[in-house]
Structure formats: C-alpha cells, structure tokens
Amino acid sequence: MTKHRNSIAFWAGVAIFLVAVLSMTQIVRNEYPFFAGYVILQFIALAVAWSILGGYAGYVNFGTNAFFGVGVYTAVALFKATGAPLVVQIAAAAAVGMTLGFGVGLLTLRMRGIFFSIATIALAIIIETFVMNWRFVGGAAGIQLQRPPVMAPFDSYVKMLFFVQAVLVVIAVGIARYIQNSRIGRGLQALRDDELAAECTGVPTLKLKLVACMISGALMSAVGAPAAMYLQYADPSSAFNLTYSVSALAMSLIGGTAHWIGPVLGAILLGSTQQFLAVTISSEINVLVLGIMLVLFVVAAPKGIIGLLRPRYRLRAGGKP
Amino acid sequence: MFSMDLLLGAVVLGVLLGCFYAAVSVGLSVSFGLLDVPHVAHPAFLVLASYGVYQLNESYDIDPLVAGLAITPLFFLFGLLAYRVYYETFEKRGSDAGVRGIAFFFGIAFIIEVLIILQFGVDQRSVSATYIGKSWRFGEFRIPIRQLVAFAVALGLTVLLAVYLSKTFMGRAIRAVAQDEEALRLMGANPVRIKQFAFGIATAVLGIAGALLIIVAPIEPTLDRAYIGRTFCVVVMAGLGSISGTLIAAIILGVAETIVLTMFGASWAPAISFAMLLAVLAVRPQGLLGR
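As you go down the protein sequences, you meet chains A and B in turn.
The opening position of the first sequence corresponds to residue 4 in the working numbering, with each subsequent residue numbered one higher.
The opening position of the second sequence corresponds to residue 1062 in the working numbering, with each subsequent residue numbered one higher.
Worth flagging that the hints you see were computed from the coordinates, not collected in a lab.
Careful: at least some of the hints might be erroneous.
If you anchor each label on the Cβ, the simulated ranges turn out as follows [unchecked claim]:
no., chain 1, residue 1, chain 2, residue 2, range
1, A, Asn136, B, Phe1202, 24 to 32 angstroms
2, B, Thr1191, A, Leu209, 45 to 53 angstroms
3, B, Asp1066, A, Phe133, 28 to 36 angstroms
4, A, Gly205, B, Glu1243, 45 to 53 angstroms
5, A, Arg32, B, Phe1181, 40 to 48 angstroms
6, B, Leu1221, A, Thr102, 47 to 55 angstroms
7, B, Asp1241, A, Phe13, 45 to 53 angstroms
8, A, Phe133, B, Phe1181, 26 to 34 angstroms
9, B, Pro1279, A, Ser26, 49 to 57 angstroms
10, B, Thr1283, A, Trp14, 41 to 49 angstroms
11, A, Arg115, B, Glu1243, 15 to 23 angstroms
12, B, Val1073, A, Leu109, 33 to 41 angstroms
13, A, Phe13, B, Pro1279, 53 to 61 angstroms
Quick caveat, the model's predicted, so the values are computed rather than measured.
The beta carbon of each residue, even a glycine, is placed where N, CA and C say it ideally should be.
Kindly generate the complete structure, drawing on both the sequences and the hints.
Below, the structure written as structure tokens:
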C-alpha cells in the first residue's frame, strides 16, 4: 500500500517538475538560467545513469566520457548526413549507447574491480582516437553545427534543449527508480555485496551485469546527444573529456548510491557549485573542488549525503558488515 | 613504404622506449601487482615527480637525473603517507573497499592534475641538460642521446629493483606479504608495516622515473592520462607483480608503439597501449608471467 502511494507521489512530483520546467521556459526571458541549468540537468542524468552500474552493481565505470562522446558524435554524424531532428538524434544515440554497453558488458564480463575500471578508460581512449581520425565529423579539429529553427512552444533553442534535458532526467530517474525496486536492482545489489555468493544462490549475475551496462550506456549516450546542438560545436577532446567521468562518479558517490535520490542530490549540489565557481573564479578551481569533495566524501562519509541525512540507508548500502 | 631499414630503426627505438616504460611501470608493478592497491593515481604521481624535477632544474640548474635522485626521499615519505591513509580508510575497514578505493585514487589523480595546472599552467615544460638535443647517427637513422640516457638509467633502475625484491631481506618480506599475508602475521611480522614500506619504495622509484619522463620528452599536466594506459598495460601484460615480466611487456609495448607510429602516424599512438591492455585483459588476464 505504501509502495503504491509512493509511486503516486513520485509521478505527481515528476509531473509538477516537468510543468514547472515548461512554464519556466515560457515565462523567463533571459537565456542564461537555461544555459547554466542545462549543464546541471545533464549532470543529474549522467550521475543517475552512472549509479545504475556503479552504484547498484558496484562496478566503477571510468568510461562515462566514452558513452557521452559516442552520444555526441552519433548525433553529429546523423545530423550531418540526414539533418535528422533532435528526437531522432537522441533515440539513435541511445540505441548506439546500448549497443556499446552490450559490447562493454561482453568484453568485461569476467573483469572485476580495478580491471573493469581500467578497461572502461581504455575503451574511451580507443573510441576517441577513432573519432579523431574520422574525417566525416571533422577529425581532431572538430565540427561547427548550424542549429535548425526552433519548434513551436519554445522561443529559443537553448530553452528547448533545457526542456529536452529535463525530460531525459525524468526518464533516467524513472528507470533508476524502477530498477532499484525491481528484481534487477536486488540482483545487482546482491552481486555487488558478494558476486560469488549471488551466483551460487541463483542470481543470474552475468545477465544482470549486461542489462545494467546496456541501460546505463543507453542513458549516458542519450544525454550526450543534445550536447552538440547546445554548443553548436563538437570536438573529440571535449566530447570525450575525462571530466565527465570524474563528475558522474563524484556526484553519485557524494550523493550516495543506495537510492536514486543520491546521485540527483549530488549532481544538483556539485553541478550548481561548479556553475557558480566556473563563472566567478575559474574552471580549474571547480575541477579541484570536485576532486577534493570526492576524496573527502569517500574517506569520511562513505554513504554520501543520503547516508548523512538518513542513517537507515547505511544498513542497506553497507554491503558486508 | 615498407622497408627493412625503417622497421629495424623502429624496433631499436622501440626497445629503448620500452625500457623507459619499464622504469615508469615498476612502481605500479609493486603497488598494484604485489600489494593489490588500485593505484590509478600512479601516473599522476609520476607526472608530479617530473614537475618537481623541472622546478629544481629551472631554478637551481641541477641536472635532471640528480634532481630526480634528490626528490626520491620525499616521494618515499609521500608514499608512506598515501598508503597509511589508504590503509586506515579502506583496507582496515574492509567493506566496500573496492569501489571507494578506486574512486579515492581517481580523485587524488585529478587533484594532482589540477594543482599542477594551477601552479605551472597548461604549457609544455622541458628540462635542459648537456645530453638533451644531441643525437648519434648510424648511417640512415639517428638515435637521440636523451633516449639512450633514459634507456640506460631505466634498465639500471628496473634491474636494481628486481634484485632488491629477490635478494634482500626486506625485498623478500615484500614478496612474502604479497603471497600470504595471514601466514606472515602468524610468523609474528607486521604485514601492514611491510606493505607501507613497499608502497614507499614503489613511490620513491617515481622520483627517478619522473626525471626520465621529462628527459625523454616535454611534459604537460594531463600527460598522466596517457600513462594510465601504458603503465597498466605493462603491469597487467607482465603478470601482476613480476618484475622481469614488466621489462619484457614494456619492451613489447615500446616496439608496438614505435612500429604503429612509423606505419600509421602519430594520431593513432594514444590508442595502442589501451588496445593492448584490453586485448590482454580479454585473452590472457593473468599476463605473460602471471603468478
């Protein structure tokens, strides 16, 4: 009964959020809040997507940038080749991201801990190198993009992207929440705590890992797809920037990975701090703050913000006693 | 375009480069290979050492190799401290050490990178010494003397560490702790202190390795990212903890890199070590001389 009521509250919250975002795009004139807000929304979606594999399953993915960049370049290639609309670009990016996730899953099925993490970095660098040598999308120099005209209810492209990214956040959170409450989530948590024991008690660990890789990858690539239109420009070294990886990882771990709300909180907190610091001081300082916060939280508050707020999550997220 | 001379030249340079890769990887071979610490920050420590050498060379005009030797004790202490923090916060508590330990070192690597950028800027830096900039000619191809110096020192360093680990009392203790920590504890030794000391040695070696890094080529703050691939590729390919394997694997990597560089051009170079790493992980995860 409470679960049912929780569900209603959640979807009502989602509806209110989307309506608020939509009306904000209609009322607020100034474009800057959307420009900054887009980045925060992007990080929320990335962090939530990361935590599906990194949080529930305990596989530390350093390759967020690989999926993000693949999303960016799927959109770029498709747009350049066919002029496909944004929705199609995002759907295609999600499909490619899911395929890549499947590949990563297959390749790394037997790798654990640090080996998995290093393999994901390796993948990111290899894909980046391929894109750098891919002339059609501009190679290492990057590519300029002309935004198509904006669609009906919106009066500027940035506002539309802001709304689109808000929808992606809702999709990511919805999926993460579903996984968390379903057999998949419990299976992932079981394999996180003890993979061998989970395997022995009949949890289909390999299948679950593959599913988690695919869903997480599809979401990350989908989030990356609008980035090219947002910047009107794409180049390999910024699309595949390692900062995306450290941000997604840091935001999830700082927020706490036991519940989907953790990455959301972490991303909002760090994302807005970053936006503020990047404007007021410099972008180096904000990476420094990110790194220091990550180390501090990992050392002193292993369960993240939600662990500090609600002690009962400590037990659930704790793994081995 | 394919000529034997070109290939031979690439192989020779590759062997030189490979020994250099061995020197930058032996530390990781101890800390990750023997001690099982997920030391993703190893390449960041390496680049930090290079900047230390650069600073000494720039302000006091000290030879880079001497400067590298001079910062070695400092790095030893740094390593002791880093392991102590890692042990107290992760290994000792046991639970969930994997995820958070990796994230911890990843965060440390990023902090070091940014601090270097704040202090030195993003420009490339290099050192000056009498042997940098000259080269020896052998008919068709030339070998830069800086490569030869790096090769000789790197080889010496790797062999020295291999001898240390197999012949001395402390070295054998380090290998023992890698083999069976519990047994060592039952013998009345303190495995944590041995591991801490080993991590100190692994970090101290980076003083010299950092000097070699800046001798071989100019450095920049984000260079550590490329070396994540190279060092982990070498250590995993070698078989965790095998020092002689490290030398062989590093030479294989060096030769592969120079051959691809000569055949296909520099834009493919960054991917090679990572591709080899993935291949090794997928096909033979225990490495060439795995334990």
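Each hint, compared with the structure:
no. : hint                                       : result
1   : A:Asn136 <-> B:Phe1202: 24 to 32 angstroms : 27 angstroms, holds
2   : B:Thr1191 <-> A:Leu209: 45 to 53 angstroms : 58 angstroms, violated
3   : B:Asp1066 <-> A:Phe133: 28 to 36 angstroms : 30 angstroms, holds
4   : A:Gly205 <-> B:Glu1243: 45 to 53 angstroms : 31 angstroms, violated
5   : A:Arg32 <-> B:Phe1181: 40 to 48 angstroms  : 43 angstroms, holds
6   : B:Leu1221 <-> A:Thr102: 47 to 55 angstroms : 48 angstroms, holds
7   : B:Asp1241 <-> A:Phe13: 45 to 53 angstroms  : 51 angstroms, holds
8   : A:Phe133 <-> B:Phe1181: 26 to 34 angstroms : 31 angstroms, holds
9   : B:Pro1279 <-> A:Ser26: 49 to 57 angstroms  : 54 angstroms, holds
10  : B:Thr1283 <-> A:Trp14: 41 to 49 angstroms  : 44 angstroms, holds
11  : A:Arg115 <-> B:Glu1243: 15 to 23 angstroms : 21 angstroms, holds
12  : B:Val1073 <-> A:Leu109: 33 to 41 angstroms : 39 angstroms, holds
13  : A:Phe13 <-> B:Pro1279: 53 to 61 angstroms  : 54 angstroms, holds
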